[in-house]
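Produce the entire structure from the sequences given, and follow the hints as far as they go.
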Amino acid sequence: MKRQMATTRDLDPDLPYDTEAVAGILEHWRDIPGNLMPILHDIQAALGYVPPESVPQIARALNQSRAEVHGVISFYHDFRSAPAGRRILKVCQAESCQAMGSRALTADLEAELGCGLGETTGDGEVTLEPVYCLGLCACSPAVMIGDEPLGRATVAAVTARLAAKGEVNP
Amino acid sequence: MWNEIRGLREGVDYGTPPRQGQPVTLTVDGVEVTVPEGSSVMLAAVEAGRAVPKLCATDMLESFGSCRVCLVEVEGRRGFPASCTLMVAPGMEVRTQSERLTQLRKGVMELYLSDFPEAEIADGWSEFHRTLDDIGIKTHGYGTGRVHFDLPVDDSNPYFLFDPAKCIVCSRCVRACEEVQGTFALTIQGRGFDSKVAASQDDPFMQSECVSCGACIQACPSHALVEKSLFSGGYERA
Amino acid sequence: MSVTVYVPRDAAALALGADATATAVEAEAKRRGEDVHVVRNGSRGMVWLEPLVEVQTPAGRVAYGPVAPEDVPGLFDAGFLTGGDHGLGHGPTDQMAWLKGQERLTFARVGITDPLALDDYLAHAGYRGLKQALELTPAEIVAQVTESGLRGRGGAAFPTGIKWDTVLKAEAPQKYIACNADEGDSGTFSDRMIMEGDPFALIEGMTIAGRAVGATFGYIYVRSEYPHAIRALRSAIDTAREAGWLGNDIRGSGTSFDIDVRVGAGAYICGEETSMLDSLEGKRGMIRPKPPLPAIEGLFGMPTAVNNVVSLASVPIILDRGAKYYADYGVGRSRGTLPIQLAGNLKTPGLVEKAFGVTLRELIEDYGGGTASGRPPRAVQIGGPLGAYFDESHFDLPLDYEELSENLGIVGHGGIVVFDDTVDMAEQARFAMEFCGIESCGKCTPCRVGSTRGTELIEKIMHGEDKSTNHQQLLGLLDVMENASLCALGGMAHLPVMSALRLFPEDFGLEASHVE
Amino acid sequence: MAESIGTANVEGEVIDLDHLVVMANQIGDFFASYPPERAREGLRNHLRTYWDPRMRTALLEHIDAGGDGLQERVIEAARLLRDRESDKSGYYGPPKA
Amino acid sequence: MPNPRKPEKETITICPYCGVGCGFKAETIGNEIVRMTPWKEGKSNHGHSCVKGRFAYDYYRHPDRVKTPMIRKSIDDPWQEVTWDEAFSYAASELKRVQATYGRGSVGGVSSSRCTNEEIFLTQKFVRAVLGNNNIDNCARICHSPTQFGLTATVGAGAASQHFDSILQADVIMVVGANPTEGHPVFGSMMKRRIREGAKLIVIDPRRTETVDSAHCHADIHLSLLPGTNVAVLNSLAHVIVRENLHKPEFIKARCEWQEFEHWAELVGSDEYAPETVGPIAGLDPEDIRRAARLYASGPNSTVYYGLGVTEHSQGSTGVMCLGNLGLACGMYGREGVGVNPLRGQGNVQGGSCLGSWPHVFSGYRFVTDKATRSSFEAEWGVTLDGEPGLRLPNMFDAALTDHFKGMYIMGEDPVQSDPNQNHIISALKKMECVIVHDIFENETSKYAHVFLPGSSSMEKDGSFTNAERRLGRVRKVVEPLAGYQDWEVTVKLMNAMGYDVHYNHAGEVLDELARLSPAYGGASFELLDRVGSAQWPVNKDAPEGTEVLHMEKFPRANGLGTFMLTGFVPTRERVTEQFPLLLTTGRILSQYNVGTQTRRTANSMWHAEDVLEMSLGDMQTRGLRDGDWVKVTSRFGATQLRVKESVRVNPGVIYTTFHHAESKANAVTSDLSDWATNCPEYKVTAVEVSKVTTDNRPRTDTAQQRPQHEERREPELAEAEG
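Protein chains in written order, with my numbering: chain E, 4 to 173; chain R, 223 to 460; chain B, 38 to 553; chain L, 607 to 703; chain G, 9 to 731.
There may be inaccurate statements among the hints.
Distance condition first, Cα-Cα at most 20 Å in a straight line; then the derived SDA-like pairs of lysine to any residue [what the hints assert, rightly or not]:
| # | chain 1 | residue 1 | chain 2 | residue 2 |
| --- | --- | --- | --- | --- |
| 1 | R | Lys450 | G | Lys438 |
| 2 | B | Lys320 | E | Leu65 |
| 3 | B | Lys320 | E | Gln47 |
| 4 | G | Lys33 | G | Lys455 |
| 5 | G | Lys33 | R | Ala341 |
| 6 | G | Lys455 | G | Met78 |
| 7 | G | Lys208 | B | Pro210 |
| 8 | B | Lys320 | E | Ala87 |
| 9 | G | Lys17 | R | Ala341 |
| 10 | G | Lys17 | R | Trp347 |
| 11 | R | Lys450 | G | Arg13 |
| 12 | B | Lys327 | R | Gly455 |
| 13 | G | Lys14 | R | Trp347 |
| 14 | G | Lys14 | R | Ala344 |
| 15 | G | Lys439 | L | Glu619 |
| 16 | G | Lys439 | L | Asp622 |
| 17 | G | Lys208 | E | Pro36 |
| 18 | B | Lys320 | G | Met78 |
| 19 | G | Lys14 | R | Glu297 |
| 20 | B | Lys327 | R | Asp345 |
| 21 | G | Lys208 | E | Leu65 |
| 22 | G | Lys14 | R | Asp424 |
| 23 | B | Lys320 | G | His224 |
Think of the hints as simulated: they come from the structure by calculation, not from any bench.
So this is what it looks like as structure tokens:
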């Protein structure tokens, strides 16, 4: 479950993120080799993004520089430095899905949601992201809503799924 | 390793740090040369008086292999390995010059030029400019396209400035900050074409972890990181 | 007596509604008072039939599919619990033509067992390979793998045994096994199916690898796009450890080995082994120059055997059945079997495991059933986004490493993506360059700048701008990228572009003579 | 040039007496780790080698006046200094074993 | 003009700042320095640099530079600009008058470690041969005089045993009272490189310095001892080593005085120095002391680098001896990767030490009391020399207060700002009648001077420096001296004005004279340095290109053996009381240099526009303080005001500040206690109390008012301990 930002902000008025949560994650991974990636994943899972303000805290704990941590965060497409919409809708842009109409699907979804790839809907509900292969190439075109895959996707199926799962994002 | 550096000749950049090891003999363009095991072909080529053009390599830093202008041919091997990351081997026969190599090197330099301010190509004296001269190229055939000229100049530091328009993303500054200075204040932000040298979290240098030691400026081959004192009338982009 | 009903948990099945189907089966059984035990198995690979529901009958497993929740009452009505006939029925699963012709060695258990049940794994020849391996010396294990002819199935096709031998001979205080599960090529999903459908096979393969090279720890680097695979692996690893198949002194053998699953973060480049190692170390996934080879200086500077999921999952059967058994499959220097993934515009796509040598036509027409759209196939991309495109004139090529490379293509990870005649091959070529640009690590200039320039040049050509000049410039660029790039991303991006230019010049508005 | 070497035309201690006593006792503290005879020898040598003669004179005058505040081993060592004031060989630092 | 100007000329010279002595190429266009680039062939820096040497060179043309000599009768009078000749003759007549009135011993001189070897040598020659006494001292008095004393006592040479590169072969690095990443940044970089390669690190420092904890540099053991307990802690390390038999008897038997070892072992092996006893005194966990001792003794190559955190104590010399003892006991001498090495604060501290700028020794550490040595100097100089030790710098000021000391030639020093107990120094200066300040800028001390001789910056003169690894290198004139003369010429002309006839054609001739008179420098000459770049002393017939590692075969003591000193712990008299419950310790930061004479006149002030007081959160809370508050720091000796800053780098009970800015008056509060052996001030321990003040009523400088907004953010990264 993703925690909502409103609650984490309340915990520490000085910093715009939940320092305690980050500290707990850092402690969990302490002294484990190559721990930066799992730490960033855990922070993003807990806070919904990796707050730039948390970078010094992470760097200190790992005996690294802020630059190094920033370099890593900015390298990987998954890591976000700002909160996203409540749900992430990833639409596959790779060849197999192209062969099955993903270009049209993407355009239709952009029109339906009113936002482009890499953007969030006006109501903050859905962030639309490109993804390059979900491994669902035998049921192209494919999308993923949160962790839920959807094969042979259509705009209707996607919007129905978004509506049905409106409450929480698994 | 520094003990060996002392033996190096004044003003010569061997491209990769010297190594200690058993002597290995090879030929570079037919010139026989003996260097310690673990040395790069690039270093051997300098010793043989057959220096290979290079941009991302300097003997202050471990080899990196990113610029791809130091390509050579090796007898009995397919392809065009980078001489900075290729280790010497006994009996190796290296060619540093051929039409094919020139073609590839020009091709690589063309790519650099396609993202380098045109007005600053002619009268520069940086390592990058010298390499352009060495390879013999001044223009590119890519026409207009995406460039990094819009990125702002960072002149926050009182002593030096960073102009991303002239950055060739060789990472020498990043590596110098890590390997030479040990501060790790620089990184490459983003990836691919968007790769950009950034201090700390893309902060102005003055607000970053930078300790202003100058190692990055020393390392920069293209005057993208450069002393302000070299500009008598302030810095203005062409 | 309880009836076992199988409803796959494979992500593709889930993408097609398998969870809802499983729930419907359980609910319907409960409503009817039937004693039904639902097992969530892996996928048989017949993705067009997913969710493929199987019923265990005394005569064997009987298949029904694709089963939507609303089909479930009707299936009960038709007596599917005893194998009764139904419009969605396909008869005994084993006898289905699509499966029957395959040679399933690596995928022998996938779709059959409960992937997370260790006893099921053991009941299906699981851990027999490791038991064998524990009787052998490391050098003997390496010899077996070498003799089997197994080559890296991730794309580079390097002989696995030789790689292991290098790691075995390297002296170091610590060695690692790094399983590359960053299956990023479009049109490929065999790694995912193994991880979701038979994770113990991978764990067993890694454990054997650990014993073979002297590594006591392994990492599985899984791409974040595979959340179900990650969960399956973590569960299976915990189970194996609890049962003594991982950890210290495995089953009293004196061999110790453990595994951690690490998750990527959206970087295709991390499928390249050195980039993956950097990522595992918590760094930017930048390409490292080779040498040093990872086998000598890999993860955390220690000797590391980096192998793909399918390669490692193929190891148990090699140890179990012997090198010769495996090597007897295949042709020439392409030994054993290859899990081939049929994707894109096909009527019956899915996973086919066959010995090397099967032709494209068999795969596309027989297994794939032709295009899903019913239109003529026009182009096939083999080996992922960096693989070459082929047209119909190549359909009789056998799928093996040497044949394809002679025809300027690659087997890659064995993914085949079919396009029908509506495809714009100039756009596909443009996308190939764009993808290279999106996923370039940015280290070497030919890839970092070249991919962007390539995209721009193709766009210019597509817009009819200085066609001839830009075409020449593009050819020069592709040459630089091919020959001067640091790794295969830049180094192979010319394959889809060049093949598209050569085979489909008209899509670029170029004369065929131009391109030759 | 040599006519006034070593002589002072000004009356009184060259350095504030309390300060001088503190300095002398600090040296005494260091040599407390040594056996008495070596301590005396070391102290004497130290004062001889490092102290301006005017400081030594002031110390000795203070001792003559009762040596108020000085450690006993300092007083003993300083006396040694006087006994062997003529020794100009300049021996550095620590007492020999 | 997007492309930079191309320099016309390169001159290889040495950085004017810290003891690393980096080689630089000064690049010029005309008479303007357009940049300084680190010299790749420089053997102490290998092409690396720090913010000071690399960039902070512009002070050489700062408008504050004094270009004309000045004199005045009284310090209440305004300065009067005069010609050089007028200045020399006035200074000479005044010195003569003072000597005639108050005695030959009533004048003296002090030289700076910022001066070249040649200048330092000439200054002591001036005092000895011309003024006719031994009242000559140098600024090492207040920083590394205990090194001189303590290392000579144990291993026979008061200098670093190793060259800097030696650290690349060290397995265990013990840093005591130093913070190389701030104080000696280029060496710090090399040390961090070795740490990244896997060397273990022990840090003994009250403060959690950058060296203890920064990116990729993490101390395996940090003994954050209470200021003033060095000797107890080092003895405790020795205790563990002796008790656990971690010492190296073979080495000791072969290379040291065994009997002295036994005496020492008995002392440190006593229960008094058990970690369980010392731990509570020093505020340390006894187990940490044991771990540190075991790690140091285990090596195989363990090396010690130390700074003013060792020397600037009332037991400074004893602390240095402790380090020498430890090195000998564990066999950490006589090869690469080991040794005991002082990190010198200024570019030429080692040279200042070597060249006889001391009241008791001639160059090469030969006693003025030794007739044979004296004779050789008398023969060279053609005068009779005083055979009695002179006054040390602090004693000169003491003697001024009793009217025994009246005139002083101060070359490149600012004792009012840099010496302890500022009020005491000012009172002393006010009582003097002829204070000659020879410097590039007016400073705090020149306020009390009667003659001001404009100096030349190191960019404007020829000479040599000796860095902290004993490396002798060439300082070369890059631009013309602003006031017309190089400093060594000024000293010579002053000697001439006093009636002493001497002439040198160039600075190299001074080095030649120095070499003739100093065994360790015997082979040194400009010709040699031009040829080989630099050379470490001893440089002589046996080692014509110098000596990298000392003590390879034997120690330079009479019997060739190292010895052990008995280093009983004597707590400082400066201790916390109810009235003064906090311990103040001082240090430096990367961007500024000492009293800031140079760096404050460059853009380096953007990093450190003022000194701040670091304090732990708890100590701040009990005093109701918040970050940025102005506070008054009061000791038994005086008070000053600073801005307070919360810091995790200091323990509760300990506060810290730097001393780079005159207005901070850090030395207004430091104590008048000093090292028992050398009178090196106890800067590192002062008992103080801190209280909030409502407004800042200090005089402020312009730079301080232009404090950049981001200053606060940078502070934790840059602030550092070590002087």
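A quick look at each hint next to the structure:
no., hint, in the structure
1, R:Lys450 / G:Lys438, "violated (44 Å)"
2, B:Lys320 / E:Leu65, "holds (12 Å)"
3, B:Lys320 / E:Gln47, "holds (17 Å)"
4, G:Lys33 / G:Lys455, "violated (36 Å)"
5, G:Lys33 / R:Ala341, "violated (30 Å)"
6, G:Lys455 / G:Met78, "holds (12 Å)"
7, G:Lys208 / B:Pro210, "holds (18 Å)"
8, B:Lys320 / E:Ala87, "violated (24 Å)"
9, G:Lys17 / R:Ala341, "violated (26 Å)"
10, G:Lys17 / R:Trp347, "holds (15 Å)"
11, R:Lys450 / G:Arg13, "holds (10 Å)"
12, B:Lys327 / R:Gly455, "violated (46 Å)"
13, G:Lys14 / R:Trp347, "holds (7 Å)"
14, G:Lys14 / R:Ala344, "holds (14 Å)"
15, G:Lys439 / L:Glu619, "holds (16 Å)"
16, G:Lys439 / L:Asp622, "holds (15 Å)"
17, G:Lys208 / E:Pro36, "holds (18 Å)"
18, B:Lys320 / G:Met78, "violated (62 Å)"
19, G:Lys14 / R:Glu297, "violated (41 Å)"
20, B:Lys327 / R:Asp345, "violated (37 Å)"
21, G:Lys208 / E:Leu65, "holds (18 Å)"
22, G:Lys14 / R:Asp424, "violated (30 Å)"
23, B:Lys320 / G:His224, "holds (14 Å)"
In this structure, the hints that do not hold are numbers 1, 4, 5, 8, 9, 12, 18, 19, 20, 22, in rising order.
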